[in-house]
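Trainee: Modelling step: build the complete structure from the supplied sequences, incorporating the hints.
Sequence lines, in order, name chains C and W. Just so we're aligned, residue 1 is where the first sequence starts under the numbering used here, counting upward by one. Just so we're aligned, residue 1 is where the second sequence starts under the numbering used here, counting upward by one.
What the hints contain is simulated information worked out from the structure, not anything from laboratory work. Some hints here could point you the wrong way.
[As the list claims (entries may be wrong)] Have a look at the derived ranges for each label pair, beta carbon to beta carbon:
1. C:Ala147 with W:Phe289: 36 to 44 Å
2. W:Thr135 with C:Leu136: 49 to 57 Å
3. C:Ile195 with W:Arg312: 23 to 31 Å
4. W:Arg312 with C:Ser107: 54 to 62 Å
If you're wondering where the values come from, they're calculated on a predicted model, not measured in any experiment. For every residue, glycine included, the Cβ atom is placed at its ideal position computed from N, Cα and C.
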Amino acid sequence: MNFDQFIEPIVRIGMQAWLLLSRLLASLLVIAIGVIVAWLIRSVVSRALALARFDRLCDRMGIRSMLARGGLAVAPSRLMGGLFAGIVIVVAIALSVSTLDETLAHSLLERLLRFLPNLFIAVVLFIVGALLAKFLQRGVLIALVNAQFPGARLVSGAVGIGIMVFVLALALEQVGLAARVVVAAFSILFGGVVIALSIAFGLAGRDLARDLLEHYLHKPPSGDEHKDQISHL
Amino acid sequence: MRPVELDPALKRELAAIKSAEIVVGIPSYNNSKTIGHVIRAVMAGLKKYFPDRKAVVANSDGGSKDGTRETVMQAAVDEQTLLLARHPVHPVHRISTPYHGLPGKGSALRTIFQIASDLDAKACAVVDSDLRSITPEWIELLVGPVLEQNFDYVAPYYLRHKFDGTITNNIVYPLTRALYGRAIRQPIGGDFGFSTRLARCYLGKDVWESDVARFGIDIWMTSVALAEGYRVCQSYLGAKIHDPKDPGADLSEMLVQVVGSVFELMERYDAVWTGDVAVETVPMFGFPFYATTDPMQPNLDRMKRAVEIGLRDLAPLYEQVMGEAGVWSRLRARASAGGITAELDEELWSEIVYAFALACHRRQLPRTHLLKSLTPLYLGRVAHVVSRYMESAAEDVEQCWEKLCSSFARLKPDFVKRWGATGRKGGSQ
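Mentor: This is the structure in structure tokens:
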């Protein structure tokens, strides 16, 4: 057996391993540089926007309060900085993959480009849905509190969760993530909740249901429930 | 801004009348049961107190289906019963016209302002069409100060039950007084006198597609007159008795319309009220008297329950609105000590109203949500006043409003500072 025949595959494997390792290192280096650049860009963009009174502009346009209402209590300048940093990191990841395998990178990039519009729509759907859920939940809560309904928080919470589940199902369907499963799960969950609530109300709240119906359909207000005689205006 | 759209028949009538010295406007919508009495009282007032002035009574109707406009045109005054010192020189013209624009009192009054302007009247008055207690003297008291004393705006001063007008007494009166420095006791009374100069000022404002055109017209008229420096006075009209309002009218909706209009006007005129505001007394005409009004049975338990549920379920929202300057922590401390309604005194209530005004200014929450969430606290404040003054005389309750006004005035400098720090400027228009 020729010695060269024995050593050649080992050398080839070693070279391939070295090549892979160097590409992996290069890829990690690209990501590391990407993270540093993203961090720098985030700082620069945030500070530049803050200096340009971008936050005040957003205040005036009601954008900041809208974000806060949606649970995103962060300065708009920082949010924009984060967005730019995110884009830089996505680009860095794409570049790092291309150092490993150009064909794979092209394929990934192509799929990413096809996927991005749907992802964008899903994100917008989710943000708008979250804001809407918060708005409706608060509206229901205030209306029920003003009507002196005892379970106001419970009902408004259920409204908020119901809307969020629906929005989440829509968003996931948009990105094509197990679309059928999501829709089926939502239908089962939502239908189940409605039936459960109906049964619970029918069994536990039978008297309350009767009282409510009588109050609205037959009985004039009487006793403690009579309206104030005060003229408010 | 769209110009006032007048009915073609009205234009022809105005062209025929050419001019008038007095215009009395009556907005209406399905008021056939009461408007006849109002028309008779107005006509009698014009004949008795202004016999030598050319006058027009203008009904601006929102599309009544119950024969309101026919009643307006048919209502007759028996001059024999009026004991007239002088026979009227001019007949009183009567006009009944539909108004255009958003349905509501504001659009109806806009048409009346335009009629007064077109006829180049010297003085105008508007009275509600559902009044049962209007007398001819009201016309003298609303029109007289404008004609004889050159006032631009005459606000009404009614004799009311000590617990009546709780939104007026607890929010609108003390806040308007603190902001503009003049004590208009009934800023949202509904019946007013004004000069045509002021009517033209109203017509020039671009507000007729907003809430002003609907329900916020009364406070808007008063605030514009105060903020733009017109000469303002009050006339004592006696008791105001009118048809009961819609029993289904939602209190929180009332708060949205009335308090929302006050807050909106604060944005518009912040350059005026955040500056140095001179405190001036407002002249009063008429002959004030006090009488016992019908007893009233406020539902205290219901009010107390409302504030308890509100404080429990709306706590995170209240913290967001009143967290600054410790208002929420004080409110919560008193609530946990028990009997919050007993503790909603003048000081704390003024702080709450200012906190809500600031939150509205900063757009911390959607405006409707913010104003509707004030309902439980407002009911708590009403319960506090009712339980404290249940056995007191009306004069004692009046002292309570004076204390409240002092509290609003005392807290105003700090409020102005915080308002300015927010940086949103409305600017007067």
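Trainee: Look at each hint and say if it fits the structure.
Mentor: Now the hints, each set against the structure:
1. C:Ala147 with W:Phe289: 36 to 44 Å: 41 Å, holds
2. W:Thr135 with C:Leu136: 49 to 57 Å: Given range 49 to 57 Å: holds, Cβ gap about 50 Å.
3. C:Ile195 with W:Arg312: 23 to 31 Å: With a Cβ separation near 30 Å, Ile195 (chain C) and Arg312 (chain W) satisfy 23 to 31 Å, so the hint holds.
4. W:Arg312 with C:Ser107: 54 to 62 Å: Given about 57 Å between the Cβ atoms, the range holds.
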